[in-house]
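A.B. asks: Dock chains B and C against the given chain A, drawing on the hints supplied.
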Amino acid sequence: MPVTMKTVRVHLGGLLCLFLFASLSQVHAARIGEITEISVWEQALRFFSFRDPSLRFALTGAILLGFTCGMLGSFLLVRKLALVGDTISHAVLPGVAAGFLWNMEKDPVAIFVGATLAGLLGSFMVTRLTATTKLKEDTALGMVLAGFFGIGICLVTMIQRLPSGNKSGIDKFLFGQAASLGASDIQLMAVVTVLTIGLVWLFYKELLTVSFDAGFAHCVGMPVPWVHHGFMLLLAFSVVIALQAVGVVLVSAMLITPAATSYLLSDRLHRMVIIACILGMVSGALGAFFSFLGHQLPTGPFMVLSAAGLFVLAFLFAPRHGVIHRWWSQRARSGQVRRENTLKAVFHVLEREEFKREGVTFMELAESRRQTLEASEESCRELQRMGFATLPPGEKALYLTPEGMRRAQTIVRNHRLWELYLTDAANYPPDHVHDDAEEIEHILGEDIVRQLERQLNFASRDPHGKPIPSPEEIVSVHGAGSGGLPGGSTGYGKPS
Amino acid sequence: MPGREGENEIITCMNQPHISLSDHARTDAWTKGLSDAEVPLEVHDLTVAYHHKPVLYGIDLRMPPGKLIGIIGPNGAGKSTLIKAIMGLIPTDSGWVRLFGEPNKKNLRRVGYVPQRESVDWDFPVNVMDVVLMGRYGKLGLFKRPKKQDRDIACACLEKVKMMPYADRQIANLSGGQQQRVFLARALAQESDLYLMDEPFAGVDAATESSIISLLHELRKQGKTILVVHHDLPTARNYFDMLVLLNMRLVDFGPTEEVFTYDKLQKTYGGRLTILSEVADAVRQTKS
Amino acid sequence: MSELIPAWDWQNVVVAPWTTDLPIYGWIVLMGFFVCAACGLAGNYLILRRMALVGDAISHSVLPGLAIGFLVANAWTVGGSADDASAAGGSSHGFSYGLAVFIGSLVAGIVTTLLIEIIHKRTRIKQDAAIGITFSTLFALGVVLISVYADKVDLDADCVLHGEIAFVSIQPFLSFAGHEIAPAPVIRMGIVALLTLGLIVLFYKELLVSSFDPGLASSMGIHATFVHYALMCWLSVIVISAFEAVGAILVIAMLILPGATASLLTTRFPKVMGLSVLHAALSAVLGTHLAIWLNSSTAGCMVVAGTGLFGLAWVFSPSQGLLKQWLRRRKTSQESVREPESEHTGIEGA
Numbered sequence: 433m434p435v436t437m438k439t440v441r442v443h444l445g446g447l448l449c450l451f452l453f454a455s456l457s458q459v460h461a462a463r464i465g466e467i468t469e470i471s472v473w474e475q476a477l478r479f480f481s482f483r484d485p486s487l488r489f490a491l492t493g494a495i496l497l498g499f500t501c502g503m504l505g506s507f508l509l510v511r512k513l514a515l516v517g518d519t520i521s522h523a524v525l526p527g528v529a530a531g532f533l534w535n536m537e538k539d540p541v542a543i544f545v546g547a548t549l550a551g552l553l554g555s556f557m558v559t560r561l562t563a564t565t566k567l568k569e570d571t572a573l574g575m576v577l578a579g580f581f582g583i584g585i586c587l588v589t590m591i592q593r594l595p596s597g598n599k600s601g602i603d604k605f606l607f608g609q610a611a612s613l614g615a616s617d618i619q620l621m622a623v624v625t626v627l628t629i630g631l632v633w634l635f636y637k638e639l640l641t642v643s644f645d646a647g648f649a650h651c652v653g654m655p656v657p658w659v660h661h662g663f664m665l666l667l668a669f670s671v672v673i674a675l676q677a678v679g680v681v682l683v684s685a686m687l688i689t690p691a692a693t694s695y696l697l698s699d700r701l702h703r704m705v706i707i708a709c710i711l712g713m714v715s716g717a718l719g720a721f722f723s724f725l726g727h728q729l730p731t732g733p734f735m736v737l738s739a740a741g742l743f744v745l746a747f748l749f750a751p752r753h754g755v756i757h758r759w760w761s762q763r764a765r766s767g768q769v770r771r772e773n774t775l776k777a778v779f780h781v782l783e784r785e786e787f788k789r790e791g792v793t794f795m796e797l798a799e800s801r802r803q804t805l806e807a808s809e810e811s812c813r814e815l816q817r818m819g820f821a822t823l824p825p826g827e828k829a830l831y832l833t834p835e836g837m838r839r840a841q842t843i844v845r846n847h848r849l850w851e852l853y854l855t856d857a858a859n860y861p862p863d864h865v866h867d868d869a870e871e872i873e874h875i876l877g878e879d880i881v882r883q884l885e886r887q888l889n890f891a892s893r894d895p896h897g898k899p900i901p902s903p904e905e906i907v908s909v910h911g912a913g914s915g916g917l918p919g920g921s922t923g924y925g926k927p928s
Numbered sequence: 004m005p006g007r008e009g010e011n012e013i014i015t016c017m018n019q020p021h022i023s024l025s026d027h028a029r030t031d032a033w034t035k036g037l038s039d040a041e042v043p044l045e046v047h048d049l050t051v052a053y054h055h056k057p058v059l060y061g062i063d064l065r066m067p068p069g070k071l072i073g074i075i076g077p078n079g080a081g082k083s084t085l086i087k088a089i090m091g092l093i094p095t096d097s098g099w100v101r102l103f104g105e106p107n108k109k110n111l112r113r114v115g116y117v118p119q120r121e122s123v124d125w126d127f128p129v130n131v132m133d134v135v136l137m138g139r140y141g142k143l144g145l146f147k148r149p150k151k152q153d154r155d156i157a158c159a160c161l162e163k164v165k166m167m168p169y170a171d172r173q174i175a176n177l178s179g180g181q182q183q184r185v186f187l188a189r190a191l192a193q194e195s196d197l198y199l200m201d202e203p204f205a206g207v208d209a210a211t212e213s214s215i216i217s218l219l220h221e222l223r224k225q226g227k228t229i230l231v232v233h234h235d236l237p238t239a240r241n242y243f244d245m246l247v248l249l250n251m252r253l254v255d256f257g258p259t260e261e262v263f264t265y266d267k268l269q270k271t272y273g274g275r276l277t278i279l280s281e282v283a284d285a286v287r288q289t290k291s
Numbered sequence: 156m157s158e159l160i161p162a163w164d165w166q167n168v169v170v171a172p173w174t175t176d177l178p179i180y181g182w183i184v185l186m187g188f189f190v191c192a193a194c195g196l197a198g199n200y201l202i203l204r205r206m207a208l209v210g211d212a213i214s215h216s217v218l219p220g221l222a223i224g225f226l227v228a229n230a231w232t233v234g235g236s237a238d239d240a241s242a243a244g245g246s247s248h249g250f251s252y253g254l255a256v257f258i259g260s261l262v263a264g265i266v267t268t269l270l271i272e273i274i275h276k277r278t279r280i281k282q283d284a285a286i287g288i289t290f291s292t293l294f295a296l297g298v299v300l301i302s303v304y305a306d307k308v309d310l311d312a313d314c315v316l317h318g319e320i321a322f323v324s325i326q327p328f329l330s331f332a333g334h335e336i337a338p339a340p341v342i343r344m345g346i347v348a349l350l351t352l353g354l355i356v357l358f359y360k361e362l363l364v365s366s367f368d369p370g371l372a373s374s375m376g377i378h379a380t381f382v383h384y385a386l387m388c389w390l391s392v393i394v395i396s397a398f399e400a401v402g403a404i405l406v407i408a409m410l411i412l413p414g415a416t417a418s419l420l421t422t423r424f425p426k427v428m429g430l431s432v433l434h435a436a437l438s439a440v441l442g443t444h445l446a447i448w449l450n451s452s453t454a455g456c457m458v459v460a461g462t463g464l465f466g467l468a469w470v471f472s473p474s475q476g477l478l479k480q481w482l483r484r485r486k487t488s489q490e491s492v493r494e495p496e497s498e499h500t501g502i503e504g505a
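Protein chains in written order, with my numbering: chain A, 433 to 928; chain B, 4 to 291; chain C, 156 to 505.
One chain only, chain A, in its complex shape (with noise of 0.2 Å):
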């Protein structure tokens, strides 16, 4: 593989994860015997034991706002509504702030309306921007967060320096601490999440169809508008459940991260949102984990740094769109195509003989390819690898085995017919089918080749009047020994 820019960034970038991850790791273990005088093993027992009531409440609320996050965080992805889901969670501050003031104390419900309204109100104010100026949507996104965020971090600092600020708890608002999770605030999660669940299982073809094609869906007469500030309603409703445990600042690495980990996992919108829940239940989980190991750490980081290890394993490892896979079917492809490339000229170099003669010299076969000739005695040893052809020592030549040219037969049959499809059904000039059938021919599956065989009615010729092998004659020969090949020019003809 030629090494590129673009390689050595992948391998660049694919360290520096390593790396990170392998620091953070390293950093952690190091540090959790400084900081508590319990050692890591007794702390990680005492989670699991679950006997800490204050516990108990992280660890289901983490889940709770895991799976919420995750459900709505797929429709945002698929609907490419990442950063509006930045926004909103950013915008929501000042209304934390208004609900701390109401009562002058942590009062989950009025945490809550304000904070919904102030998420409303900035959605509302982005499309007001947008639609009576002429900035960008991102531009008005980009407002509308850092605005909301400023009036918020204003209050909040006001409120911090009040007399009674510093009892206020508002300062676990910006990072998150799972462990300040009451009764009542795991009551209300719970109650989002419920609602969360059968509002999308209700109206789940609604929305994937305005998710995919909202023109299509108004047209279909589905109310578009409203499941639209429907499903922004309920994405503002988990952010501010998802406020006290992950903070203001990484609520929307909640909704996206496991959101686009299982987009790498799945084809299937329903699945996607399924395993999306799911991982976002791990990433809770094991962030409540970690920020439990450590006093005082805040939570929301570790959650998204869950998430975040979670994607890197998909990103890297996932089964059709992860990148391993995809630069290993690639490499593996073009081996397939250079040995049959390979196979093809060395069968052109035998018919131009009429089949007199068994052997290919790597000279013909270097001539014949226009490669060097280091290169085209590499391809012959990578087809004896193969087992499709013999290279006797001491000898500079080739010899294709049974299964060599039955090989060698398919593929320039497979060429042939492609061309004379090309020429005949498709009206190409016969000059500009070759490169074509380059390509095509090595993906042609065996059903496709049979019905271009009956479309073309079995013909024996391709349109520069060279033979078609037919599968008749590929059979025999498989039987047959090495040499001679009957049929092409002596015609073995159409089947009966």
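Worth flagging that the hints you see were computed from the coordinates, not collected in a lab. Be careful, since some hints might not be right.
[To be verified] One-sided and incomplete, this derived list gives chain B residues near chain A with beta-carbon spacing under 10 Å: (1) Val-114; (2) Met-137; (3) Arg-139; (4) Leu-145.
Beta carbons are placed, not taken as given, at the ideal position from N, Cα and C, and that holds for glycine.
C.D. replies: Relative to chain A, chains B and C alone:
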């Protein structure tokens, strides 16, 4: 961008008389004797502007049922905008649209819509069958799920466009022609009376194009009305019964033989018709 | 609620900062102005390139660069002799700290851009999600680092968001030729702002062309990717220089607010740049007064002031303002639509 001569011709074109309210008789000509409910599409004085720059200006149309109608005009002429305005997808500055006698928003369920291929994200995690089933959602209403009968209809529509073997394939793994056929199957599944199609032949191979046309002929035989935004002038003459010539204003509307003339095409395309001189020649030859 | 908003004390809020308290507030206003101006100028290009939220991303993702820079510098100075350690004073403004942090920010900026590109070019994930994943993960990493290494890193998590600009005035002053000039952070930020202006003036054509038409730019020999990375790196430098004083929030806001406000008031690009600087100055001044009155975070109040100025522009803009649009709508809509007489439109989307 037109050159100097082109610009002058365009200015002349813009000042040419177009079909206005006074020519109402001609607009009405193709729907004489039909009640409002039988007229699939009626557009009156439709104007659509974007920040005060007009995209469509004063469009009047009354379409007869059971015809295959093409909308042609240069780029930027408002063809796609017209389709979107008919469906109520974009706000209009004046005028109204009636579908089968009712205001368009009321009767949308009788319209089948095939959008441009670019309007959709083909990486969306759905397969071919999912997309075609969406065509049935309109009939289902809010809380119902598709039943076996809906699936059967979807399969039948896939068979009609010869995409049944691909039913399980994720839509990103389809060629351009296949994607277009999936959209078509979705519209067929809606079982509509009026079909609106936005450039269905763009970027599609010859075989798909001819199969789409034969499908449209079949629909026409069933009495459906089909309105197609078309980009290719030479084929427009062969494919459609009637043509709408559009360049922000309506230049003309009528049967293809009457409307596809050099003068009218010149008015529609302005100076840029010089590129299509071979078509112009062909047209002139058929007239002589 | 009444204890939340202090009484309006004319003397304290409006007059004192410019007279008796000038030594304190003067530097704060100046620092704020430099930050807002630098961000505003650079941010205009982000707006043009529709990358407003990439600016948001960079502002978050430099945090791990900052943290790692601190840790590395810490390791260097502590590893030296006792004299070195005391000479450095453990202060976060020693040279090695400054350098390490600077390098850390550049690396973070490059890594962010690289990761975003890797994610959205190599998988079917779209750019918006790639941006979101990258910056939030890096930011989370940064927060973890500063929480875990709280004693070695001179920041705390809240400060990251809104900084503590008040400390600017009490930082050690830098001297030149024996005279004390200004607090070190202010000088640094001033240099960064001037350099920003200088670079924009120097590369005006290149930046403009590559923002509007990358195709034309590459045919002119301007390498679009290079400009992109260079812009990102410079953005990281601006963010890092501003971080300790004003935190992430002011930077994110000021990348967009001045440019957006200016674009509502004029269409010519040089005027947009000029108005951005004016907006920066006004936000800095008004924000400081607001913060004094409300006893709140100065950075947050500067954002509030900037947002307020934007709101005024939105409503009262002579060309696009809401007021103007409302007045126009009083006439019937078709009259306000020009008849297509004298121009052939090449409108897209038809």
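A.B. asks: Now tell me if each hint is right for this structure.
C.D. replies: Hints, verified against the model:
| no. | hint | result |
| --- | --- | --- |
| 1 | Val-114 | holds (6 Å) |
| 2 | Met-137 | holds (5 Å) |
| 3 | Arg-139 | holds (9 Å) |
| 4 | Leu-145 | holds (7 Å) |
The structure agrees with every numbered hint stated previously.
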